[in-house]
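Engineer: Let's have the full structure, built from the sequences with the hints guiding it.
Take a look at the letters that make up each chain.
There are 2 protein chains.
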Amino acid sequence: MTKKRHLLTAQSGGPTAAINASLAGVIRAGVESDAIGHVYGAVHGIEGVLHDRLLLLDNLDTDLLQQTPAAYLGSCRNKLPNPEEAPEVYEKIFALFAKYDIGYFLYIGGNDSMDTVCKLSGYAAAHNLDVSIIGIPKTIDNDLEITDHTPGFGSAAKYIATTVSEIAQDSRVYYLQSVTIIEIMGRHAGWLTAAAALARNAESNAPHLIYLPEVEFSKEQFIADLRDKFAQGVNNIIVAVSEGVKDKNGQFICEDENTAKDVFGHKMLSGAGKVLERWVAAELGCKVRSVELNVSQRCAGHILSKTDIDEAFAIGAAGAEAAIQGETGKMMVFRRICNSPYRIEISSTPITGIANLEKKVPGEFLQGNHDVSEAMLHYLRPLIAGEVNVRYQNGLPVYLYRPRFQRL
Amino acid sequence: MTKKRHLLTAQSGGPTAAINASLAGVIRAGVESDAIGHVYGAVHGIEGVLHDRLLLLDNLDTDLLQQTPAAYLGSCRNKLPNPEEAPEVYEKIFALFAKYDIGYFLYIGGNDSMDTVCKLSGYAAAHNLDVSIIGIPKTIDNDLEITDHTPGFGSAAKYIATTVSEIAQDSRVYYLQSVTIIEIMGRHAGWLTAAAALARNAESNAPHLIYLPEVEFSKEQFIADLRDKFAQGVNNIIVAVSEGVKDKNGQFICEDENTAKDVFGHKMLSGAGKVLERWVAAELGCKVRSVELNVSQRCAGHILSKTDIDEAFAIGAAGAEAAIQGETGKMMVFRRICNSPYRIEISSTPITGIANLEKKVPGEFLQGNHDVSEAMLHYLRPLIAGEVNVRYQNGLPVYLYRPRFQRL
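These protein sequences, in sequence, are chains Y and E. So the first sequence is numbered by the numbering used here: it starts at 208 and just counts up by one. So the second sequence is numbered by the numbering used here: it starts at 208 and just counts up by one.
Any given hint could turn out to be false.
Any copy will do: because identical chains look the same in the list, a pair fits if it lies in one copy or spans two.
Claimed, not checked - Capping the alpha-carbon separation at 30 Å, the derived lysine-lysine pairs in DSSO-like fashion look like this:
(1) 494 with 286
(2) 299 with 513
(3) 567 with 299
(4) 453 with 210
(5) 494 with 299
(6) 494 with 453
(7) 567 with 426
(8) 286 with 210
(9) 494 with 306
(10) 567 with 306
(11) 436 with 567
(12) 436 with 426
(13) 436 with 494
(14) 566 with 455
(15) 455 with 210
(16) 453 with 286
In short, the hints are calculated from the structure, not lab data.
Structural biologist: Set out below in structure tokens:
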């Protein structure tokens with residue numbers, strides 16, 4: 208029997224509502240494998256590896272972990288230098304791996320994290336170091352290449368569609384004509400904003416206008432679109448707009464020249480929603496308000512997509528199993544086998560082809576200058592399906608907290 | 208057997224997540240009463256009465272109605288003139304009541320709506336008109352006098368506490384010191400902001416600072432409070448602030464003199480949260496962000512307090528029953544019999560003593576300049592208890608939509 212080695216995992220990048228479900232999957236697969244001794248977690252991503260800040264995760268309540276939003280282990284925004292520029296960083300990391308006899312490193316994160324997986328696995332191969340290194344994708348932005356979608360996106364999409372449908376209800380109570388602008392995350396890709404379209408149903412066509420960063424944004428066209436909707440008899444217009452919409456010069460709308468300055472003359476960046484709100488007030492003079500959905504998009508643990516959480520768990524577990532089988536330098540991906548009934552398969556793909564690429568919304572998912580296509584809705588619908596029966600105590604969802612750090 | 212007369216109901220004021228549960232209670236009690244013929248609803252509050260816009264509600268799906276946020280019947284912001292100033296308004300209203308043989312009018316709303324109940328019932332008494340007129344309170348602000356609390360507040364409080372706890376999770380993922388400012392509704396009373404304190408538990412003391420409009424707000428004290436928290440070792444400070452905090456001159460902080468102006472020199476009102484964010488950036492220079500919880504506070508149908516929804520239904524039904532018993536010129540109220548186990552009773556109180564009064568947070572519910580007391584938490588806890596098993600379809604909560612209006 209071969210000697211058991213240990214598994215180390217960490218989280219990186221922005222929080223999501225599903226990244227802890229992937230962590231739960233990694234832990235469960237590690238604990239259940241005969242090849243694995245202990246499962247450790249590094250606190251604050253690769254920073255925790257560099258500073259020897261590890262927690263023992265063998266006995267964590269993985270059920271509660273799955274419904275806990277944000278990154279249980281803490282996160283970081285560290286992009287590793289190239290090995291030739293800073294070999295000491297890599298020596299330190301692999302010394303830590305050696306110290307704890309880590310045979311498997313699972314890194315759960317977004318684009319920067321996949322860059323880390325790419326560099327670490329490359330270094331290990333070049334130096335003949337026996338550590339399997341696998342990346343587990345996560346990002347609410349859904350902007351990773353090759354994988355059909357990313358864990359975390361489905362829950363964010365469900366939160367957005369639900370909230371948009373509720374704000375539409377709220378906007379309909381008064382008789383007055385009104386415009387409600389909802390600003391949605393996604394600086395470079397419009398996947399999250401597109402998810403607002405899921406709020407539509409047989410009774411309501413809200414959101415009536417959808418603006419993604421993939422389509423050039425024009426103030427004149429926007430005002431014309433609103434006038435059209437009013438002319439068509441829509442009384443309470445709901446607009447879903449990406450924070451990242453840009454004008455024909457490629458400048459972010461939220462950096463518009465009319466952006467206000469504070470008393471010191473500093474430009475005060477307000478969101479795209481506020482800029483659009485000011486335009487509507489000035490040009491149409493009707494009742495207008497803007498709502499920024501903000502960080503709840505990535506941490507609303509109380510409204511999770513069961514599909515997303517189950518898949519996030521499964522891809523974490525599959526990543527751990529792939530590492531245990533000796534795979535390295537890979538990212539785990541989803542491939543959609545069938546849309547109806549919805550079925551995916553999980554596999555691994557070489558990390559070198561993925562890191563630092565950004566997946567934008569393709570043309571066939573767009574419709575005109577202010578809507579998404581039926582193909583986009585087909586793509587999105589399965590991802591928000593199902594509800595997680597979240598555990599409550601004293602009227603509030605119960606979330607898991609990381610204990611105060613103590614060196615192992 | 209006395210001749211059956213009909214019951215008319217309407218909704219007014221800002222939306223809440225529970226106002227439709229009260230409507231459901233009114234409908235159910237009306238439909239089940241032998242004294243009642245039909246239950247009608249006026250569209251857009253008293254405006255619908257003035258313009259003869261009624262819907263028949265007898266067969267509405269009251270289960271689905273109960274989980275639907277905002278005002279199903281539509282709302283208005285109409286404050287009636289005094290009868291002596293505009294008798295024609297009252298003649299028109301009572302002519303409509305006569306046309307449809309309305310014997311009972313149930314008005315569900317906030318302060319202005321209770322003013323309407325007061326004036327209409329006074330007019331009916333003065334003119335010997337046989338219509339029983341009862342007010343059903345609702346407001347997320349919880350600022351009505353005499354009643355222990357208002358329907359709609361509990362669900363808003365649950366949404367706020369949940370979201371604050373999730374944003375606190377989100378703020379803890381990075382190692383950096385940070386300040387997160389959460390702006391909460393309540394222009395004149397701090398009940399909703401106080402509800403943020405419910406997010407605290409054995410593992411987390413967030414929100415660490417709570418500022419209500421009932422306490423004078425000082426920029427210097429605020430910055431000192433933050434420095435204290437950092438000095439105490441709190442790394443990621445969560446601040447809950449009411450949109451309505453005021454300085455020592457009684458001026459709203461969100462109208463601070465440093466408020467930015469747009470290119471036309473117009474003052475751009477930004478919320479209190481944004482003002483505080485700018486102060487923190489300028490004075491402390493640490494990572495800071497602000498989040499405005501916005502309209503979701505009053506329309507988050509996907510996370511309801513079961514206590515709130517059940518009580519909202521019960522007070523609507525009790526109001527209809529009181530009207531059928533011949534009571535008039537009353538508002539229905541909650542009285543808290545016992546806190547543990549929590550028990551309330553519903554009764555009616557003369558409307559004249561209530562309309563146009565505002566209930567602020569009393570001194571014993573405050574603690575120092577930036578917190579609420581244990582007595583406040585005792586008061587709040589039962590109001591967010593229990594979850595409503597919301598019906599979902601295609602991954603989203605199902606809400607009821609008012610049909611297109613057709614004259615009866």
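Engineer: Now tell me if each hint is right for this structure.
Structural biologist: For each hint, the structure was consulted:
Within a single copy, residue 494 and residue 286 get their C-alpha atoms only as close as 45 Å, which misses the 30 Å cut-off; across copies the closest is 19 Å, which meets it. When the C-alpha separation of residue 299 and residue 513 is checked against a cutoff of 30 Å, the pair qualifies neither within a copy, at 39 Å, nor between copies, at 53 Å. For the identical chains of this complex, residue 567 and residue 299 are neighbours neither inside a copy (36 Å) nor across copies (59 Å), given an alpha-carbon limit of 30 Å. Taking the closest pair of Cα atoms, residue 453 and residue 210 never come within 30 Å of each other, the shortest separation being 56 Å inside a single copy and 66 Å across copies.
Proximity of residue 494 to residue 299 under the C-alpha cut-off of 30 Å is restricted to the inter-copy arrangement: shortest distance 29 Å between copies versus 59 Å within a copy. In this assembly of identical chains, the alpha carbons of residue 494 and residue 453 lie at most 30 Å apart whether taken from the same copy (25 Å) or from different copies (26 Å). In the homo-oligomer, the alpha carbons of residue 567 and residue 426 lie at most 30 Å apart inside one protomer (23 Å), although the nearest pairing across protomers, at 44 Å, exceeds that limit. Proximity of residue 286 to residue 210 under the C-alpha cut-off of 30 Å is found in neither arrangement, the shortest distances being 33 Å within a copy and 80 Å between copies.
Proximity of residue 494 to residue 306 under the C-alpha cut-off of 30 Å is found in neither arrangement, the shortest distances being 64 Å within a copy and 35 Å between copies. With identical chains, the CA atoms of residue 567 and residue 306 are never at most 30 Å apart, being 41 Å at best within one copy and 60 Å at best between copies. With identical chains, the CA atoms of residue 436 and residue 567 are at most 30 Å apart within one copy only, with a shortest distance of 28 Å there and 42 Å across copies. Proximity of residue 436 and residue 426 under a CA criterion of 30 Å is satisfied intra-copy only: 16 Å inside one chain copy versus 44 Å between copies.
Taking the shortest Cα distances, residue 436 and residue 494 sit within 30 Å of each other inside one copy (15 Å), while across copies they are farther apart (41 Å). Taking the shortest alpha-carbon separations for residue 566 and residue 455, only the intra-copy value of 21 Å comes in at or below 30 Å, while the best inter-copy value is 52 Å. Taking the shortest alpha-carbon separations for residue 455 and residue 210, neither the intra-copy value of 61 Å nor the inter-copy value of 70 Å comes in at or below 30 Å. Proximity of residue 453 to residue 286 under the C-alpha cut-off of 30 Å is restricted to the intra-copy arrangement: shortest distance 27 Å within a copy versus 44 Å between copies.
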